[in-house]
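Assemble the complex: chain F is given as a structure, and chains P and Y must be docked to it using the hints.
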Amino acid sequence: MPRRTTELLRGGALIVVATAVVLFGFGANNYQLQAGTTLAMAVVLCLAWNIVGGYMGYPSFGTAAFFGLGAYAGGIAQTYGLPMGLAWAAAALVGAVFAIVLGAILLRLRGHYFAIGTIAVVEVMREIANNWDALTGGAIGLSLPILAGSPRFAGIFFYLAMWALALLALLLTVAVARSKFGFGLRCIRQNEDAASMVGVDVFKFKVAAFVTSGIVIALAGAIYASMVGFIEPKDAFNILLSIEVPVMVMLGAAGTVLGPVIGAIVYVVLRELVWVNFINFHSAILGVIIVAVIYFIPKGLLREFSLTRWRKWTAPPAPAGQG
Amino acid sequence: MGEPILLIDGLTRRFGGVVAVSSVTLSVKKGEIVGLIGPNGAGKTTLVNLITGFVPKTAGRVVFEGADITQLASHQIARRGVARTFQIVQPFSEMTVLENVMAGALFAGQRSSIKNAVDRARYYLEFVGLDRFAQFPAADLSLANRKRLELAKSLAMEPRLLFLDEVNAGLNSGELKHALELIHKIAETGVTIVMIEHLLRFVVSVVHRLVVLHHGAMLSDGAPADVLQDPAVIKAYLGTKFAQRHKAELESQRLKYQEQVQQSS
Amino acid sequence: MIAQYVANGLLIGSLYACLAVGFSLIYGVLNIINVLHGTFVVLGAYMTIYCAQLLGISPLISALVGCAVMFVFGYLVQRLLINEVVAAPVFISFTLIFGLDLLVNNAMIQGFTATPRSLLVDYGSISLFGLSLSVARLGAMALALVLTGALYWLLRHSQMGRAIIAVRMDRHAAALLGIRVPRVYAITFGIGALMAAAAGGALALVYPITPLLSGVFLGKSFVICVLGGLGSVPGALVGGLALGMLESFGTIVFGSQWSTTVGFVLMLLVLVLRPTGLAGRKGYE
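Residue numbers (our numbering), protein chains in the order written: chain F, 1325 to 1647; chain P, -2 to 262; chain Y, 119 to 403.
Everything labelled a hint here was simulated from the structure, so no lab data went into it.
Take these hints with a grain of salt, some might be off.
As the list claims (entries may be wrong) - Calculated pairs, DSBU-like style, for lysine-lysine (alpha carbon to alpha carbon, straight line, at most 30 angstroms): (1) P:Lys112 x F:Lys1504; (2) P:Lys26 x P:Lys54; (3) P:Lys182 x P:Lys27; (4) F:Lys1528 x F:Lys1623; (5) F:Lys1623 x P:Lys112; (6) F:Lys1528 x P:Lys54; (7) P:Lys238 x P:Lys174; (8) P:Lys112 x P:Lys182; (9) F:Lys1504 x F:Lys1528; (10) F:Lys1528 x P:Lys112; (11) P:Lys26 x P:Lys182; (12) P:Lys27 x P:Lys54.
Unchecked claim - A short, non-exhaustive set of chain P residues, derived as facing chain F with CB atoms under 10 angstroms: (13) Ser90; (14) Met92; (15) Met99; (16) Ile111.
As the list claims (entries may be wrong) - Residues of chain F clear of chain P, computed beta-carbon distances all greater than 10 angstroms: (17) Thr1362; (18) Arg1432; (19) Gly1435; (20) Asp1457; (21) Ala1458; (22) Ile1464; (23) Ile1470; (24) Ala1478; (25) Asn1562; (26) Ile1589; (27) Phe1629.
The structure presented is a predicted model; accordingly, all values stated were derived computationally and were not measured.
Yeah, the Cβ is synthetic: ideal placement off N, Cα and C, and Gly gets one too.
Chain F with its partners taken away, still in its complex shape (with noise of 0.2 angstroms):
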């Protein structure tokens, strides 16, 4: 099929979906908004981490690092008297910054050093937050300042402002990829010696990508926020969290546009049908399912069933006779 046509299909497939979205909002009620609220706030995270994780190939377990910075500035900005859309702006300056500071101290190292950093920071964050009572407001909590207007209406409205930050990570994603700073991230990915040797500023491409994922985790922290009106360190900077988005994101094909959406929506659904009949055993579900994703569906739904690798199983073998 001729390129041009594709790109038509795909577009044409994002406006009928995004108007889908829409409609379901106005219609749903408030468990299914709140559901499908919690959803695309996974499509978002699922997306920002992609980028990390999947494209560059580090194995970042910073997630909630971010997301609790972002919760808690927003958070703070809103108690202060900024209005939410500032807020969130302020949210998504402060992860940007944040990114910076940390991405020139944690990039530098690698593999299973780099893993435990970003844990590391998970926890010195949530300890701050624990314990710096006047500006967090330590282990009890943060109050924020509820939106105006009927339950309904803020149902609706943090519904379509996620679903609006999923888009912008969607689209971002796809910008990713296409681009000369994605193909430069793969081959970080692959070789960071060999990228150094043909040009690639990895250092600058490993912060720039730092940066992209924490503002997008970032604000999706600070639209949480806003919207349960109130957050703890516990909440905000849960490990669980870190380590969930990358095995939605794993589950669906790491180093894909598509895959953490498809590994968000798979996960997400398995896990409401799972915490409605399973409450006492939920963990110990998510870790049946971590295991069977690691087992039998090692490189990603996407990837082990597409169409390609059909099309791959039943082609001619590798180039003999390399003369």
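Chains P and Y in isolation, oriented as in the chain F frame:
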């Protein structure tokens, strides 16, 4: 062949008590083909690593095309027109052959759009003879072809100075012949080449000049026939039997070299 | 009094060394981060507590029983489940073991409930150099140090120990020499679980234990290993004592609620500035 394209002054690399490269001073003229030889562990690859910024320098200066590049990072040096191949080839194994070469064009060569990079990559794949493998995963290539891919990637960077690190290791005689033709082809486009090699017969038939490294220090530097008769080189590296056995052959090489010099002047 | 703080630091530091040494060994040999470690510690502690309280066996023997059981458990877990991903990138092995940990931890909370339990025995205290030291704590310290020392001796002087060190240095070369690497992996993992259980048993003598503490134990192990150097027994000792001292004195300067944070911040600093750790051993990628 004219003014110097590369000047190294007192380049040294020391780590943990080991001196890998010891105060090497050398200049390479534009358009030259220089052979860098010496026993294993002599510091040849380390020297290239130092010049290309892959490894930090303990002391010394590197001047490329008149500009001091001593403090630059490896990607900056790559963009200025210095490329190198790796002894153990390092492709981007998850990408296709075409994408591997595109990387060179995108980040160091023309540095424009992805579409442009595709065209440049195809051109260089044809140049080295790998165009029919363009869509194959780089990991599926044979060793000889992987070396050619490495070469194509470096060429896509449009370097003016190219370091070849043992491009011929592991090739059979047929593949060697092709490799020789390829190197000549590259030199004809005006690229200055410095090649690290073990196969002396091969090196001698292609280079204008030989530099011998031993224990990290420069042992000899000059025309191939002279260097190979240098008693210090014979003692450290070649052995008298080799020198005697190949004296006649080297004489004929010497004459051929003189012819070349006369032709180009 | 400074001396008291030093003594406290040493006492808890020895427990910490024992806590981290199994984790460190597993990292050094298998090159994976054993996220189950904290849970192993709690399991070991619970086994000690139940043996001592329900069966009336002395705490020391109970601890050793716990160690033996955990060794088998660890061996099986590695052989059956973790061996598949031992060579995979850190992200995969970490997440898999985290998943297993969620499973086991959840089961523990359901089974044992989150009520803290402990084996607080009161053997009184003795006076040494003018300091008052609880005998129970001294006993815990002794248990921890003896077992850590035994591990160190085992690694150097037994055939299996040498095989483990060989695999740690170079698994391919070890395989070429005829060492059955998967078996070494399983045994090492079992040893790691054993040491965790030992630490759990020792800790049970001095602190109340609940399954919710598994994360704390894991976190401390991280910190200790980074401080002392991942993969070595002396490193775990150095790191453990360092953390013990840090927490002991940190309480004076920062207040006890910041002690965990200070540990993590220090860990980050060491990671960035000197990844090989304070003991200077070679850092593994």
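Do the hints match the structure? See the list:
{"no.": "1", "hint": "P:Lys112 x F:Lys1504", "in the structure": "holds, 10 angstroms"}
{"no.": "2", "hint": "P:Lys26 x P:Lys54", "in the structure": "holds, 23 angstroms"}
{"no.": "3", "hint": "P:Lys182 x P:Lys27", "in the structure": "holds, 16 angstroms"}
{"no.": "4", "hint": "F:Lys1528 x F:Lys1623", "in the structure": "holds, 28 angstroms"}
{"no.": "5", "hint": "F:Lys1623 x P:Lys112", "in the structure": "holds, 29 angstroms"}
{"no.": "6", "hint": "F:Lys1528 x P:Lys54", "in the structure": "holds, 22 angstroms"}
{"no.": "7", "hint": "P:Lys238 x P:Lys174", "in the structure": "holds, 26 angstroms"}
{"no.": "8", "hint": "P:Lys112 x P:Lys182", "in the structure": "holds, 26 angstroms"}
{"no.": "9", "hint": "F:Lys1504 x F:Lys1528", "in the structure": "holds, 13 angstroms"}
{"no.": "10", "hint": "F:Lys1528 x P:Lys112", "in the structure": "holds, 23 angstroms"}
{"no.": "11", "hint": "P:Lys26 x P:Lys182", "in the structure": "holds, 18 angstroms"}
{"no.": "12", "hint": "P:Lys27 x P:Lys54", "in the structure": "holds, 24 angstroms"}
{"no.": "13", "hint": "Ser90", "in the structure": "holds, 6 angstroms"}
{"no.": "14", "hint": "Met92", "in the structure": "holds, 7 angstroms"}
{"no.": "15", "hint": "Met99", "in the structure": "holds, 7 angstroms"}
{"no.": "16", "hint": "Ile111", "in the structure": "holds, 6 angstroms"}
{"no.": "17", "hint": "Thr1362", "in the structure": "holds, 33 angstroms"}
{"no.": "18", "hint": "Arg1432", "in the structure": "holds, 14 angstroms"}
{"no.": "19", "hint": "Gly1435", "in the structure": "holds, 17 angstroms"}
{"no.": "20", "hint": "Asp1457", "in the structure": "holds, 45 angstroms"}
{"no.": "21", "hint": "Ala1458", "in the structure": "holds, 43 angstroms"}
{"no.": "22", "hint": "Ile1464", "in the structure": "holds, 48 angstroms"}
{"no.": "23", "hint": "Ile1470", "in the structure": "holds, 48 angstroms"}
{"no.": "24", "hint": "Ala1478", "in the structure": "holds, 44 angstroms"}
{"no.": "25", "hint": "Asn1562", "in the structure": "holds, 33 angstroms"}
{"no.": "26", "hint": "Ile1589", "in the structure": "holds, 26 angstroms"}
{"no.": "27", "hint": "Phe1629", "in the structure": "holds, 19 angstroms"}
Comparing the model with each numbered hint stated earlier shows that all of them hold.
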